[in-house]
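Trainee: Each chain, written out:
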Amino acid sequence: MESERINRSPTNLAAKKRSLLTYEGKWGLLLVSPYLIQFIVFVIGPLIASLYFSFSKYDMLNPPQWIGLENYEKLFNEPLFYKSLWNTLYFAILFVPTQAFFALLLAVALNQKIKALKLYRMAHFIPVISSWTVVMYVVDAIFNPRFGFANSFLIKLGLEPQRWLNDEQLVIPLLVLVAVWKGIGYMMVIYLAGLQNVPNELYEAADMDGAGTIKKFSSITLPLISPTTFLVIVLSTITTFQAFEQIYVMTGGATDITAAGGPNNASLVLMLYLYREGFSFLHMGYASAIAWILFTILFILTLLQLWGQKKWVHYQ
Amino acid sequence: MKKNLSVLFSLVVVLVLFVAGCTNNSPTAENSSSDENDTSNSKEEQVTINLGYYSGGKSDEKMQELIDRFMDQHPNIKITTQSAPYGQFFQKLDTQIAADEAPDVWLSDGVLVMKYAERGAVKDLTDWINRDLEKEDYYGLDFNKDADGKYWGVPQGIQIGALYYNKDHFDKAGVEYPSEDWTWEDLKEAAAKLTLDASNKKPKDEGFNSENIQQFGLTFFSITEGWFSVLKSYGGGILDDSLNQSIINTEENKQAFEWMVDGMDSGIITDPADLKSFQSPMAVFPSGSAAMRIGIYARVLAANEAGLNYDVTLLPKGPDGKRFSPVIANSWVINDSANDKKAKAAWEWVKYWATEDEVQKEWAALGEAVPVKKSVANSEIFLNSSDTPENKEAFLESFDFAGTLDTNAVWGEWVAKFNEHAQRAFLQETTIDEALENADKEVQEILDEFYNEE
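Protein chains in written order, with the working numbering: chain X, 185 to 500; chain S, 9 to 462.
No lab work stands behind these hints: they were computed from the structure. Check the hints yourself; a few may be wrong.
Reference excerpt, derived from the structure (chain X facing chain S, CB under 7 Å, subset only) [to be verified]:
| id | residue |
| --- | --- |
| 1 | 244 |
| 2 | 350 |
| 3 | 464 |
| 4 | 465 |
A few chain X residues facing chain S, derived, Cβ under 7 Å [what the hints assert, rightly or not]:
| id | residue |
| --- | --- |
| 5 | 328 |
| 6 | 329 |
| 7 | 330 |
| 8 | 439 |
| 9 | 442 |
With a cut-off of at most 20 Å between alpha-carbon atoms, the simulated EDC-like pairs for lysine to aspartate or glutamate come out as follows [as the list claims (entries may be wrong)]:
| id | chain 1 | residue 1 | chain 2 | residue 2 |
| --- | --- | --- | --- | --- |
| 10 | S | 262 | S | 248 |
| 11 | X | 258 | S | 450 |
| 12 | X | 241 | S | 457 |
| 13 | S | 359 | S | 348 |
| 14 | S | 70 | S | 376 |
| 15 | X | 400 | X | 388 |
| 16 | X | 258 | S | 453 |
| 17 | X | 241 | S | 126 |
None of the values given here were measured: they were computed from a predicted structure. The C-beta atom is built at its ideal place from N, Cα and C for all residues, glycine as well.
Given these sequences and hints, build the entire structure.
Mentor: Following this line, the structure appears as structure tokens:
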């Protein structure tokens, strides 16, 4: 090692230090190589492959054929694509703010010194770890149009029974309701961590100045946990765009994949549409095009959120 | 410099190890086995084939038993297996075919044989079938024949549709059991007497609520156990004989739809929304919530398990006396990319399955499918495999007017599209005319996309 170093002039060394080809650089490369190779083979590789597939006709069983922009052209002329795009956005618009709001409310409530605190926190976390299939049975017990108690309740009140998940208007709001219920515990934990990072001195100082609870919340808590809120919003936006399992399970995909997203495609979100086209109908090229559009939308949304955060997120 | 080289060298080693770990070693395995074959070069030529099947419960054990027996009889053939529940099996299969890693022989759902055949993934078995199988001895060989007369698979077991009826419901309502002469109109008339709303009223009673039914006259779901046999027996249908032209928008189909929509509107037949309130669309009849169903043979399992007092008969006739019974011939197919030796060994397995009486009998005893071999299907072993239904002959008689579900390469896709429009008509969100017209147009688009570019 010594002898090699001596041979190098200082300027040369500085230049080489920046390059990966130095001795240390190579060792570094070697040490991260398992991850790097994994990343190239399982992330970059499929990414490039799917980009290529999106410009080709590919049925999985035969080699892909280059067809240029045809998949994208077809996509932009397909009403079902716009419908699924709207469904996804609608889901996100309802879900993201509702989840963030209620998770914060819950976190604030469970950040107090109350009895059996851990029990309450745990109770709200149980849905997070339950499988969607289990949740589906619980939801069915409530919202089954024939046997569920939601309808018995409505009838008792003298109201019209509803078709719930079989109703084109109700299906997405209902799915959002269940998704919020299931996901809220996770976001609550993130918020709790954020809340516990707010220094107590600030509240004490505010007390001295005579600030009330609401004033303290809006002027201290909210600004100081804004990075957490930002994280929660970014995370839940991404989850909604990738929502698949819930809708697949709750709209009957297990019996018939083409039924998933019903009734009448009213809950067909982009991921379900992609899955149906790619894996049920073997239009892998077309499905890859959907995936890239989905990626573009998510990318733009995240950029917008990053740009927007400057206006409301305060880092300590 | 030396150390630099050694670092680079280690990097390469890691990469090679990694790539070696990722790639499946089956090509090397193949090579080694063919080496063995070349060196031994005797009658004892060893060949290993991989067999894939979808499975569940009881049948798994039996399959393994039959495979072991096959290997005893054919010491030079070794079978390795892979199996998974239905959905996962086929999802994995598609990716395996893409990677050229699919089993050498696999069990295909009858409706998927053409999907693989027309995309070149399975072997044309015409010559072997002509050489080795006496076609008259088997049910259903023709159900895997394409429009050009080529055979793509050999049935493993057959599903065929019949009319199931719950005797208790008929007795209670004082309605005579269905007869073999029934038309669909007769069925509807009887079904009306067997329909009960939540307050036990029948459709002709005053105050009958067709929105809240506790017992349906007939349950009805999707293609196989729903609209397909009705359309066909009314003289309509979906595709013409070439299987790439839609014939959806016809007067006959309209008539059939009028029959179905009227039945659903009056609460006699389950509509798609009714089905959603059951755990599965298949659960309506076994749970006793319907007096009749159109059902394939496999539905006897659930009905027997539920302990229903039921029987089966032929599906009703259309207005002109035409009958139709849907068939799904689940079949053994051989991988097109299997080498000659493996393909031949795979064919031995297929032949063993179809021709050996013992195999046919033992599989029949499971009661999951109608046996492929006519002699076994017509024997006591099949006909008395369970106490109910008594009239198992009905399934065999139905072969006289049986047909496939117009299966072709894009079957799953056009069925989904047709269902979409049919459901709108069933729920009266659109008119029958409009539903048929749109379905015709969109199904044809799907067909054109696949067949016009071939």
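Trainee: Indicate, hint by hint, whether the structure satisfies it.
Mentor: Hint by hint, here is what the structure shows:
1. About 4 Å separates the beta-carbon of residue 244 (chain X) from the nearest beta-carbon of chain S, less than 7 Å, and the hint is met.
2. Annotation: interface hint on residue 350 (chain X) holds; nearest CB of chain S at approximately 5 Å, less than 7 Å.
3. Because the beta carbon of residue 464 (chain X) sits about 6 Å from the nearest beta carbon in chain S, less than 7 Å, this interface hint is met.
4. Satisfaction of the interface hint for residue 465 (chain X) is found here, the shortest Cβ-Cβ separation to chain S being roughly 5 Å, below the 7 Å cut-off.
5. The restraint placing residue 328 (chain X) at the interface with chain S holds, with a minimum CB-CB distance near 5 Å, inside the 7 Å limit.
6. Against a cut-off of 7 Å between C-beta atoms, the interface hint on residue 329 (chain X) holds, since the closest Cβ of chain S lies about 5 Å away.
7. A least Cβ separation of about 4 Å between residue 330 (chain X) and chain S falls short of the 7 Å threshold, and the interface hint therefore holds.
8. Annotation: residue 439 (chain X) was flagged as interfacial toward chain S, and the flag holds, the nearest CB pair being 6 Å apart, inside 7 Å.
9. Restraint check, residue 442 (chain X) versus chain S: the minimum CB separation of about 4 Å is within 7 Å; hint holds.
10. For the suggested pair residue 262 (chain S) and residue 248 (chain S), the alpha carbons sit about 17 Å apart, so the restraint of at most 20 Å is met.
11. Proximity of residue 258 (chain X) to residue 450 (chain S) is assessed by CA-CA distance (about 14 Å); at most 20 Å being required, the pair is judged to hold.
12. Between the alpha carbons of residue 241 (chain X) and residue 457 (chain S) the distance comes to roughly 11 Å, so the proposed pair stays at or under 20 Å and holds.
13. For the suggested pair residue 359 (chain S) and residue 348 (chain S), the alpha carbons sit about 16 Å apart, so the restraint of at most 20 Å is met.
14. A threshold of 20 Å between alpha carbons decides the hint, and for residue 70 (chain S) with residue 376 (chain S) the separation of about 12 Å falls inside it, so the pair holds.
15. Proximity of residue 400 (chain X) to residue 388 (chain X) is assessed by CA-CA distance (about 10 Å); at most 20 Å being required, the pair is judged to hold.
16. With a CA separation close to 13 Å, the supplied pair residue 258 (chain X) and residue 453 (chain S) stays within the 20 Å bound.
17. Between residue 241 (chain X) and residue 126 (chain S) the alpha-carbon distance is near 16 Å, which keeps this suggested pair within the 20 Å criterion.
Of the numbered hints given earlier, the model fails none.
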